[in-house]
Amino acid sequence: MNASRRPTTSVMSVAKPAPSLRWLAPGLIVTGLMLIGLDLARPNAVAQVKATVVDGMAPVFSVLADPAQAVGNVLDTGYSMIAIYQENQQLKAENDRLRAWYIAAQRLSAENRELQQLVKLDAVWADPVLSARVIADTGGAFARSLLLDRGVNDGVMRGMAAMTAQGVVGRVQTAGERSSRLLLLTDINSRIPAMLEKTGDRLVVAGNNQSKPELQYLRQEVPVAVGDMVLTSGVGGIFPAGLPLGTVTEVVVDGEGRRIRIALQPSVDLARLGYVSLLPSVRLDEPVAVTANDGPINQLANEPVNESAQAADADDGAGDTGRADDGPTNDGANADE
Amino acid sequence: MALTLMSEASWPGNMGRWLIRTLPFLTLLMAVLASHLPLPTVVAQNTMPPLVLSFVFLWAVYRPNWLPISLVFITGLLMDVLGSVPLGLNAILLILVYWPVAIQRRVFLREPFPFLWVSFAAIVALVEVLRWLFVSLIFWSFAPVGLVLSNLVVGIGLFPLIAWLVIQGNHRFTRLDPEAP
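Here the protein sequences line up with chains A and B, keeping their order. Under the working numbering, read the first sequence as residues 69 to 405, first letter to last. Under the working numbering, read the second sequence as residues -14 to 166, first letter to last.
Derived from the structure by calculation, the hints contain no laboratory data. There's no promise every hint is true.
Claimed, not checked - Among chain A residues calculated to face chain B with C-beta under 10 angstroms, some are:
(1) A93
(2) P111
(3) N112
(4) A119
(5) P127
(6) A133
(7) A168
(8) D205
(9) L215
(10) M225
(11) I328
What the hints assert, rightly or not - Some chain B residues judged to face chain A by a derived CB distance under 7 angstroms, without partners named:
(12) G(-2)
(13) G1
(14) I5
(15) L8
(16) L11
(17) M33
(18) I77
(19) P129
(20) L132
Cβ coordinates follow ideal geometry from the N, Cα and C atoms, glycine included.
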């Protein structure tokens, strides 16, 4: 680089750092430690302060989001040229699979309509209340979150579920007045009560800060295979039931044939989100206790809600390392952290 | 740059001088913004190279007087507010880079550029390990290391480019503002 050839002594005449550095630096480190302590002790209060500051910066990100999108698209074009053959093969295979599903879906849709009329059921999930634009990526190596350009003033509330036409994206973690932070389902703090589409068995989709979250608390005797669809179960009330979360992409078994890890490929391409739709949650910021007549969504669930506790009890250790208190029943609480 | 269009005789006024001396802080703010732009691409997916850290390191070597430690701290707080780490973590980490480097800057100025580069690599690796340890402690489980490593590699790879920008900027502005401290 050019930099290596630059004379490095031209600024030698600059005075040495102010003596205040000697006192100020340790002082600032102590201040920083106190702030960390405050954040750990009072996370909600600090989150509110953060949301207010982020609100102020939202207009800047709003302006920059479009050019960033354009740059991303250019980079992506280059990348997809390289991967185009592989992608084409994948799409062909997927097309064949989807054709079969399309026929099945038509049949099931007709059947579903008839059954719904029989039991006089309302729509399974609520209509999106608003859509929001992604204006910043506030994640990193240790978190997965996005900044949205809508806040409390627009009707956003903490806990709202976010989705696209493909499926669930995550939920609103904090809401400022004009912006809000969206916790992606891949974040390590994300726990979404879910079920296997095939069998209806309950489980939890647990984020791990990687691109593929893990399925936890699924009983060992329940068969699961790569390609199985996973949907939200509606337990906990944050997410309406029946929204697509993703498909099982990897099942790891140990020497004795016990499953030790199940990975999920999210339905939504979380790397290329432009807009998301926000759905009203059934319960917002309420205590954890879920009763059978808690709301329309839980009434629609296949079984009484307290079965989720049994699912957690039935879990025989797989994928449950040191997180025993993260069972589906207290998901409402964990999800609100 | 707009600045090169102006004649050096009329430039800079007091206002201009003030502007020049805020340049390091502006580069930090721009690096913070750039780190959070939503690039919708698999190429940059979740990769967030330590841009701010690079600028803090370089300004601590070349122009610590234009970048007061309090502004470094504020930049760190801004990163904490935008990112999803406890408030204060990045602020402390930036101070831990700025402080010793600003004190020992003469060593870095004496040595050739590769020394600067290797030192940066060592410091940024140490900082990322500290951050990883802290986050793992908070979550009480080992945080994934894959992204930490890729961020490190990209950050160290980008360092010469950022160093070139800082050194160029420093030269130009020192010429424009010879009385600068």
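To see whether the hints hold, each was checked on the structure:
1. A93: Because about 4 angstroms separates A93(A) from the closest Cβ in chain B, which is inside the 10 angstroms limit, the hint holds.
2. P111: Holds: closest Cβ of chain B sits about 8 angstroms from P111(A), inside 10 angstroms.
3. N112: 13 angstroms, violated
4. A119: Hint holds; A119(A) Cβ to chain B Cβ min 9 angstroms, cut 10 angstroms.
5. P127: Violated, because the Cβ-Cβ distance from P127(A) to chain B comes to roughly 12 angstroms (cut-off 10 angstroms).
6. A133: Status holds, d = 6 angstroms.
7. A168: 28 angstroms, violated
8. D205: 5 angstroms, holds
9. L215: 8 angstroms, holds
10. M225: This interface hint is violated because 20 angstroms lies over the 10 angstroms limit.
11. I328: 16 angstroms, violated
12. G(-2): 22 angstroms, violated
13. G1: 19 angstroms, violated
14. I5: This hint is violated: I5(B) lies away from chain A, its Cβ roughly 14 angstroms from the closest one there, beyond 7 angstroms.
15. L8: 14 angstroms, violated
16. L11: 13 angstroms, violated
17. M33: It holds, given that the least Cβ distance between M33(B) and chain A is near 5 angstroms, below 7 angstroms.
18. I77: 4 angstroms, holds
19. P129: Holds. Min distance 5 angstroms.
20. L132: 4 angstroms, holds
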